[in-house]
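Trainee: As a plain string of letters, each chain reads:
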Amino acid sequence: MTDKLLSVGSDWTFEFIEIYDREIARIAKKYQLDTYPNQIEIIRSDQMMDAYASVGMPIGYNHWSYGKQFLNVERGYKRGQMGLAYEIVINSNPCIAYLMEENSMTMQALVIAHACYGHNSFFKSNYLFKSWTDADSIIDYFVFARNFIAQCEERYGAAEVEELLDSCHALMHYGTDRYKRPYPISAAEELARQQEREEYVQRQVNDLWRTIPRSNRSRESDEVPRFPAEPQENLLYFIEKNAPLLEPWQREVVRIVRKIAQYFYPQRQTQVMNEGWATFWHYTILNDLFDEGLVDDGFMMEFIHSHSSVVAQPDFDSPWFSGINPYALGFAMMRDIRRICEHPTEEDRRWFPQMAGGDWLENLHFAMENFKDESFIQQYLSPQVIRDFHLFCIIDDDTSDTIDVSAIHDDEGYREVREALALHYNLSTREPDIQIYEIDVRGDRSLTLRHQQSSRKPLNDDTEEVLKHLYRLWGFDVYLFSYDGEEVERSFRVPKKRISLDS
Amino acid sequence: MMSYIVDRRLNSKDKSAVNRQRFIKRYKKHIKKAVADAVSRRSITDMERGESISIQQGDIDEPSFGHAEGGYRARVLPGNKEFKAGDRIQRPAGQRGGGSGQGQAGDSGEGMDDFVFQITQNEFLEFMFEDLELPNLVKRELASVETFKIVKAGISEEGTPNQMNVVRTMRSAYARRIALGAKKKRRRREILDLLESTDSADDSSRVMLQDELKLLEKKLAGIPFIDDFDLKFNVNRKEPQPSSKAVMFCLMDVSGSMDQRTKDIAKRFYILLYLFLQRNYQHTEIVFIRHHSTAREVEEEEFFYSRETGGTVVSSALKLMQEIIADRFPAEEWNIYGAQASDGDNWTNDSPICYKLLADDLLPLLQYYCYIEITDRGHQELWQYYEKLAESQGDAFAMRGIEDYSDIYPVFRDLFCRESASRAEQSSQ
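Chains A and B, in that order, are what the protein sequence lines are.
Start counting the first sequence at 5; every next residue gets the next number (our numbering).
Start counting the second sequence at 158; every next residue gets the next number (our numbering).
Hint data in this document are derived by calculation from the structure and do not stem from the laboratory.
Wrong hints could be hidden among the right ones.
Said to hold, decoys possible - Quick list of in silico lysine-lysine cross-link-like pairs, DSSO-like style, CA-CA up to 27 Å: (1) B:K309 with B:K340; (2) A:K472 with B:K185; (3) B:K189 with A:K82.
Stated by the list, open to error - FRET-style restraints, in silico, Cβ to Cβ: (4) B:Y229 with A:A154: 44 to 50 Å; (5) B:Q275 with A:A154: 25 to 31 Å; (6) A:Q275 with B:S197: 43 to 49 Å; (7) A:W213 with B:R248: 49 to 55 Å; (8) A:W213 with B:K185: 18 to 24 Å; (9) B:K182 with A:S135: 38 to 44 Å; (10) A:D405 with B:S197: 50 to 56 Å.
Keep in mind the model is a prediction, meaning the values are calculated, not measured.
Every residue gets a Cβ at the ideal spot worked out from N, C-alpha and C, and that includes glycine.
Using the sequences and the hints, build the whole thing.
Mentor: Now the structure itself:
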């Protein structure tokens, strides 16, 4: 029996890693996990800190905020607050995953299964990633961005580039089209077309701001059409194309930040699914290894210990509670899909008539491929999982003296809990809805933003700071009106002091 | 499809160094203040370690649009125990309108920890020197820990190839080859002898002997010429180069007119001298002498932070210094340095006495004596007498009127110049 074991002892070797990778790949194939080729990199713990600090970009441009990130990670690591064991994996082709040299063989196998086959297959098959990112060229694009920004620093000074990046970063979450499918990023083209674009964009911008009267016929109508004709949600895109005072290189930097934001956009919307998927597969694959007699009890003990701490969900009243753990929820939901297919109860048949009793693998793949967190929860959060987590929904209304429990894990409550939880993962309710409403093209060139409040939620204290950054990019006055329904509830103006309207 | 496994462990360290540097540059003001606080808090002898810097979270946040608390929100929480739909829960006391932010702290703007990080010893010194406007060469010398001599410290089994001790390695290989091969060689000689002596018939025993001979040859050939555990390496150890002792006398006027800022400037003055001595002598001692109308030897804490009032008689401190030297620090064993800080007040008839004491008794024993006068008023008698000293004893005596930190270094300029000149001489030999 023991001669079938893939490894002995807890130390890893390159040979063992290869063997495990081969076996895990074999099982992954059995479950039809479609992956990019893997590039597994063995690194030291300080390199892992670098990787954490660069927030998912294996090659990043230089900026102080990554230094801050690094110091933060370093402190956390030194205090022993974080294990650094899991998983940094880059959505690229080949898919890059890191293994830390301090880890035991068990942990390496766990990370391989989790990152190299779990996340990897998610990157390759989920619709958001398919339509928003281009894994083939992202690394090249990072290189392009790094070089371009380094060149700018040489030419225009590090301080000026840093200021510009600060401003772009402040608006980073407003640098994506939420509904339109963007062009994929292609680094080679990017470089080739960059110069051309510089000239072209500049010409267009100049055109917009042309002060010489165009012709007689547009003269008589005082009614100048509003610009932009439709409100714009992609602030950075709008800046890149229309800001009157930016130099061509500055437009390119705005574009870089925008493109990188776009690359991370799918990840921000698929946290629960992505982690749930990866966790489900490391759990399933390593259990299969055990069932085949390829790993021993000691291996499994270490694995289960680590796995169960990853999927732990502290209760809301526990001192360790910090929101819903995406690993826990995602893993539970993925497992639940399998359960509903394999051992449906009467309740499942009522709730999931198409799925109950079906092929679990097919259903699971379908779920992974066609949903994001919000719709995934909306579609698949079952009464069983709601009960297991003892989920309940509270209404926190600042006009009420009490916090009201509106639904719990019972027949009357399931739908409401599911609805509310799904909404929580909806980016457009999580982040304020702020759009560019109007440019005063013929007047003082000021830019006006509109914030449409959702459920009367006010803007945070950063708002004015962010507007200062926007002002730096735009170059002329910036207004922001926060609407509650049709009413202006609050208004901001930069550079001048806030003017308060009666509300 | 094969995975591609790359060993990146030998890649360069400090990929984040640039970003870290930029961060530190950006928050220079905060760090400088923290360093200044640390300098006044720490002992003179305790400047050579890093410091933990704490910056308020608000100063360091990167702003972004987000929701503040308030409005209407539905939240889903795990772990319900006793709640039923329709329950109304009282808000926690003092909180109205808005539950705590979900998940990450950061949008609530309250009760957040400061951002804390460490700077290294070098960075600490760098920041401290910045106020003092030290020339770069001097900065580098004070901050570097390179004033070590490499000395041999025996032989080890482990080391890098360039440290290999060839003679010891070969000797050990030779011994091992003898130990492993001697018995076999002896037997081979026996067999060869037998084969020669008994050239007679008996084929079977001859074949057996020849087989054994072959086996022996093979085994002997299998003994490696050099094996891993033969390798011997030189071990070197760094030792601080200077081997002599220095004592530094800190003299300070503590009469009422010396305020805390003045003392703070004085402290940096002493620190600089101490760091200099640290670099140049294996062992450095400090003697603190405070004086008003009488002088007393005290501990550092008392030296800087306790206050006394009274007249000012500088010569009392010089006399005490002379006594202590005679008592504990014979000039032939110790390199003696003196550093005096004052606001320039002295009792009228005392300054000539100081002049005489220094010129005749003390300076001959001292390597260097430096005096700073921290005042914005005109100089008084003591200054005039000291100026005379500076003229006659240029090399070993330095003085300066000081208004700010940056004025401190020039007092030491000659001292440091002399040192770097002699160092350059040494290294060119």
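Trainee: For each hint, tell me whether it holds in the structure or not.
Mentor: Here's how the hints hold up against the structure:
| no. | hint | in the structure |
| --- | --- | --- |
| 1 | B:K309 with B:K340 | violated (38 Å) |
| 2 | A:K472 with B:K185 | holds (23 Å) |
| 3 | B:K189 with A:K82 | holds (24 Å) |
| 4 | B:Y229 with A:A154: 44 to 50 Å | holds (47 Å) |
| 5 | B:Q275 with A:A154: 25 to 31 Å | holds (28 Å) |
| 6 | A:Q275 with B:S197: 43 to 49 Å | holds (48 Å) |
| 7 | A:W213 with B:R248: 49 to 55 Å | holds (52 Å) |
| 8 | A:W213 with B:K185: 18 to 24 Å | violated (39 Å) |
| 9 | B:K182 with A:S135: 38 to 44 Å | holds (40 Å) |
| 10 | A:D405 with B:S197: 50 to 56 Å | holds (51 Å) |
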